[in-house]
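Each chain is listed here by its residues.
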Amino acid sequence: MNSRVEHHAHDIPSAEPQPAELVALMGEFKDVDSVFSAAEKVRHAGFRRWDVHTPFPIHGIDAVMGTRPTVLPWLVLAAGLFGAAGGIALQWYCNAYDYAFPISGKPFWSLPANIPVAFECTILCAVLMSVFGMLGLCRLPTHYNPLLKSERFRRVTNDRFFVVLDATDPVFEEQSAEQLLRNAGAKYVERVED
Amino acid sequence: MTAIEIDNTYDDPTKRTPLVLGGKDFTAVTDAVCNVAERPTTLGWKIAFAVALSFLGLLGACILYLVTTGVGVWGNNQPVSWGFPIVNFVFWVGIGHAGTLISAILFLFRQNWRTGINRFAEAMTIFAVICAAMFPGIHVGRPWLAYWLFPIPNQMQMWPQFRSPLLWDVFAVSTYATASVLFWYVGMIPDLATLRDRSTGKVRQILYGIFSLGWTGSSRHWHRYERAYLLLSALCTPLVLSVHSVVSFDFATSQLPGWHTTIFPPYFVAGAVYGGFAMVLNLIIPARAFFGLKDIITPRHIENCAKILLATGLIVAYSYSMEFWTAWYSGNHYERFTFWNRAFGPYAWSCWVMLWCNAMSPQFMWSKRLRKSMVAVFICATFGNIGMWFERFEIIITSLTRDFLPTNWWPFHPTLIDIAMLAGSFGLFFTLFLLFCRFLPVVAMAEVKSIMPQAHPHHGHPELQTPDERRTDYRPDEVGDPDAAALGVP
Numbered sequence: 044m045n046s047r048v049e050h051h052a053h054d055i056p057s058a059e060p061q062p063a064e065l066v067a068l069m070g071e072f073k074d075v076d077s078v079f080s081a082a083e084k085v086r087h088a089g090f091r092r093w094d095v096h097t098p099f100p101i102h103g104i105d106a107v108m109g110t111r112p113t114v115l116p117w118l119v120l121a122a123g124l125f126g127a128a129g130g131i132a133l134q135w136y137c138n139a140y141d142y143a144f145p146i147s148g149k150p151f152w153s154l155p156a157n158i159p160v161a162f163e164c165t166i167l168c169a170v171l172m173s174v175f176g177m178l179g180l181c182r183l184p185t186h187y188n189p190l191l192k193s194e195r196f197r198r199v200t201n202d203r204f205f206v207v208l209d210a211t212d213p214v215f216e217e218q219s220a221e222q223l224l225r226n227a228g229a230k231y232v233e234r235v236e237d
Numbered sequence: 112m113t114a115i116e117i118d119n120t121y122d123d124p125t126k127r128t129p130l131v132l133g134g135k136d137f138t139a140v141t142d143a144v145c146n147v148a149e150r151p152t153t154l155g156w157k158i159a160f161a162v163a164l165s166f167l168g169l170l171g172a173c174i175l176y177l178v179t180t181g182v183g184v185w186g187n188n189q190p191v192s193w194g195f196p197i198v199n200f201v202f203w204v205g206i207g208h209a210g211t212l213i214s215a216i217l218f219l220f221r222q223n224w225r226t227g228i229n230r231f232a233e234a235m236t237i238f239a240v241i242c243a244a245m246f247p248g249i250h251v252g253r254p255w256l257a258y259w260l261f262p263i264p265n266q267m268q269m270w271p272q273f274r275s276p277l278l279w280d281v282f283a284v285s286t287y288a289t290a291s292v293l294f295w296y297v298g299m300i301p302d303l304a305t306l307r308d309r310s311t312g313k314v315r316q317i318l319y320g321i322f323s324l325g326w327t328g329s330s331r332h333w334h335r336y337e338r339a340y341l342l343l344s345a346l347c348t349p350l351v352l353s354v355h356s357v358v359s360f361d362f363a364t365s366q367l368p369g370w371h372t373t374i375f376p377p378y379f380v381a382g383a384v385y386g387g388f389a390m391v392l393n394l395i396i397p398a399r400a401f402f403g404l405k406d407i408i409t410p411r412h413i414e415n416c417a418k419i420l421l422a423t424g425l426i427v428a429y430s431y432s433m434e435f436w437t438a439w440y441s442g443n444h445y446e447r448f449t450f451w452n453r454a455f456g457p458y459a460w461s462c463w464v465m466l467w468c469n470a471m472s473p474q475f476m477w478s479k480r481l482r483k484s485m486v487a488v489f490i491c492a493t494f495g496n497i498g499m500w501f502e503r504f505e506i507i508i509t510s511l512t513r514d515f516l517p518t519n520w521w522p523f524h525p526t527l528i529d530i531a532m533l534a535g536s537f538g539l540f541f542t543l544f545l546l547f548c549r550f551l552p553v554v555a556m557a558e559v560k561s562i563m564p565q566a567h568p569h570h571g572h573p574e575l576q577t578p579d580e581r582r583t584d585y586r587p588d589e590v591g592d593p594d595a596a597a598l599g600v601p
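Sequences listed follow chains A and B, in order.
Oh and the first sequence: position 136 is 179 in this note's numbering, straight run, nothing missing.
Oh and the second sequence: position 271 is 382 in this note's numbering, straight run, nothing missing.
You may find that some hints are simply not true.
Examples of chain A residues lying across from chain B (beta carbon under 8 Å, computed) [said to hold, decoys possible]: (1) Pro62; (2) Ala63; (3) Leu65; (4) Phe79; (5) Asn157; (6) Leu183.
Honestly, the hints are just simulated from the structure, not real lab data.
From the three backbone atoms N, C-alpha and C, an ideal C-beta is built for every residue, glycine too.
Chain B extracted, bound-state conformation (with noise of 0.2 Å):
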């Protein structure tokens, strides 16, 4: 970096923070965004996309193997059922909360900072949630009977039971995968139009124009759009907290200790947006640096996902030891051996890299040196995402290979089949997401246009700002302002 860097994380109220930096106009931020897209393809993404590939080409393979020869290629018995598969599928769905967080919650509380990474953050969490929905579907065992779960007719004439939980679970992931990715797509509706106007090649206007849908950026449309958008906010919000509390349901509903418990729900949405936050910075720290965008996700970007990482943390934190505490306070026989048991059973070291990876890692970002160090919050966030799957092995597994009688009790092995699949999810989420970096707007540039001072009516001209348009929060999409209603009529 040559230029001037600017520190913008400053903490004074009264001053507008520039969330655009390198003296950016409009042009460049377009031609900065777009270039992911347009520029030829980089040695270091043809690199890392046939690693991910790969690791895809070995799920594929488990996969066939799976199904080719039965579910004990998994270390799958009797009492652990459930094993690996949702362990994973618990925390790839979890994952997938961030970028709904990103979009429609921190939208409502006006949060401007989000438009610089609110798309990576979407696109992760529909990957994220794409891994996810493939877990319990190869985990039925017959794959091909998983269209079982809906409420299809069918030749045995049966109906799937609505007081089930896992019926719940099948209603609110496949609900929010549709919401995630139709809040998405109409985000980039406009960004699209913008590579569709900008692209040369055929194939490219061509395909870019099928995606845009004929944006012309018309006022009428966007009037529409955006209370789309505002709809669509309201609308997810309820849905994201409901999503991961579903997933809790099928834990908290049961009558295994260690799971039947009440404060199942918000934990888990807790531990959801914690590791969700954790894998989008792990992914947006390379990202930025990689992809030139280090003038729109600017440190202050980073710096406050790392006060949601530290936030939620505390969360978990404080879950974690109400869990504890409640196991004692209860008097209940079970519920304090299976608590007993978590922290120096076979598996305490679960417990314990849970323990240092969601409780105390994110007390390092207390201090505003190591948020502002890249390096730093990059090795937190990495403890997060180790931390919330090691969270869910712990809950699985210790639970259900000791329950109520010892007679019932069973250890737990993973199979290399188990490991391969957990890694070959991985490729699949990041063959996903590098192709998504090669050939879609990987930053809302509308969005972040429109927080930028330039975008403002009477930039420039303070004498005749509205006392709305002076304020550090200003929105320029803001609805119901009685400044605006005002300029208008004849």
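The following block holds chain A by itself, in its conformation from the complex (with noise of 0.2 Å):
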């Protein structure tokens, strides 16, 4: 799983001593209100690239930072509707164009009785949109990812908030993001390395 770069990284440390580049600070919060309002400040700090990672979804926090909604409905949507179109052009072409099949002298074609097929062909292709697609959109699988080498950040899947401020954030500068992670109520602030 570990990716290529960072087997090289751990392995053979001396070969190439490339320092170390901050990519992120990241501060801890113990809970779901001090992670909550450390949003709100990071947001009017004016911060465009960061996030709040969190062991289960939160409520609002999605209004607080920010975030635009989704287009995945949307893809959802024209996969569902490529799924009908898709399910009845396929029986049309396999029992009433390429192969006419005279059964009890019912019509070759008829609405009716492909609507079962459509239908699941419908949602078949919306399931697999909705799941590639939230993947896609997320840009996940992503296998390797500077924040999953801190030992302190493995708690982000049981009962820790983290809020991580990126270094390419065009008003990211170190001082200044440590001491607002502090302010916000950051246990622990600690830097992101790769």
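Hints given; two lone chains; assemble the complex.
What follows is the structure in structure tokens.
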């Protein structure tokens, strides 16, 4: 799973001593309330590239962070329509066009008989798009992430909450960012290096 | 249990019901659930696994014998060409309905208690659908030609017949299997990440790492994840209702007395949910004790499931009586005979077993005292499972053995192979289920945490709470909350 880059960095550190680069600052919070108010402060400080990492989705955090609604429902709608059209076209091609099938004097082409399969095709395509569209929009799977190297960050999937400020953000400046996180009530602030 | 047991089965709607007991916080929930997958293999699990595996071996041997010998090893004959394999198929696919009902329909209805048991039920669904899909696969007689069921270009230049409900079944069951697996897996990604972050061994780290896809709990990811979950629920709700409806079309579109009725789709769906909940209860009551999850799968969860068992049992009982009534009221000679034959013919015992198990035994669940008794609920659920198998047996066998002309009549007797295959399918089911309990997160931890009071912003500050947050059915991920929108914008 660990990408080659990481192995390289761990196995032969002395071969090419590259200075670790600061990619982000991470502040740890111990409950929902404190991370919630910290998120408000970070947003007001003008940050754009930052994130709140939590063990479960927090109510209202999207509004605080200014997360725009995802385009996913539209993608799913498109996939569902594609599935419906595809399901009907498949049945028409198979039973009415390419291989006309005379069965008990029934018409070769009648929509009511084709609804169940068209329905299942609609659902199938929409389900596939919900899952893979969501993963694609989240850029998952991403098996290398400098955050995952942090020992402390492991508790993000358990009981701790983190605000992560990306170093590439235009307003990011290490000292002030650290101060911002501490003022917001972070228990620990850690440098994320890569 | 040494700690004080809190009774969370009260009916006062003004009090928020705790769904996690034992004073557990987020850490304790993680520990309790992960412990199931992390602790060394217990002797009990090993014994159960050995038993399940030997039944799976029996199934394998039976299939080998069937394939090398021919379908004559079954009791199937003319006119009963469906026999046990299709009885088993309908039985298993019915069991597979509770999982998606709990995950999708109860999610849309904001039933927070579903979080404690949805993972179990979804896993059960998938394993039941695997058992179900196997039976038509071998029932076709030449399983190596089973791909003819799908519209795949082949050497005969023929396409499948899309006006046949049997083909609708292929699409319905395969779509359902795909959607259930994806729904289950998507729900599991955050919990697999929890196991990844806790694991110490290299093998576990790598495997959980691969399957958790690099999940970091980012709120921007949660936003899309929750939207995807909502969409999946909305898509799976009509899907789950369609699957057993389509299965019932296999019967209802035929001309056979006893099958040719319009009540079949809703009746089959209600029966499937009833049978599915019976299986959920049969699995979860021992599992919560065995895995130490009594604080997460609480008496209230069991009681709610028992209520659904009762409600769907009543729908099933109503359907039975309506079938008999319609048969009489139709004035149709054959229809009337078929139902008289069901209740008093050579297979009358299957009808009475069915009526006792599905119509009578759930009536005990009217009593709150019995709903709170694990033993009573377990016994009722066991009756439910037995009854649902006999229902399918009764529908298929009585109608096929005696149709219109007495010259066509022929009795059906299952062979030893028939019975061994049914037992073997339970081996397949329990083998998969035990592997799931051993290696995967058995409870949706992230979801359970999200319905705990500590998960709400302003927890412990009632003066700051929005009216929504004070609601007893409050769900933190509810969309379109005006209070939330008012909080953010700078």
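How the hints compare with the structure:
Evaluation of the Pro62/A hint against chain B yields a violated restraint, the C-beta minimum of about 25 Å exceeding 8 Å. Taken as an interface hint, Ala63/A does not check out: its beta carbon lies about 20 Å from the nearest beta carbon of chain B, beyond 8 Å. Proximity of Leu65/A to chain B is violated relative to the hint, the smallest CB-CB distance being about 18 Å (cut-off 8 Å). The beta carbon of Phe79/A comes within 5 Å of a beta carbon in chain B, closer than 8 Å, and the hint placing it at the interface holds.
Of the supplied interface hints, the one on Asn157/A holds, with its beta-carbon coming within about 6 Å of a beta-carbon of chain B, less than 8 Å. Against a cut-off of 8 Å between C-beta atoms, the interface hint on Leu183/A holds, since the closest Cβ of chain B lies about 5 Å away.
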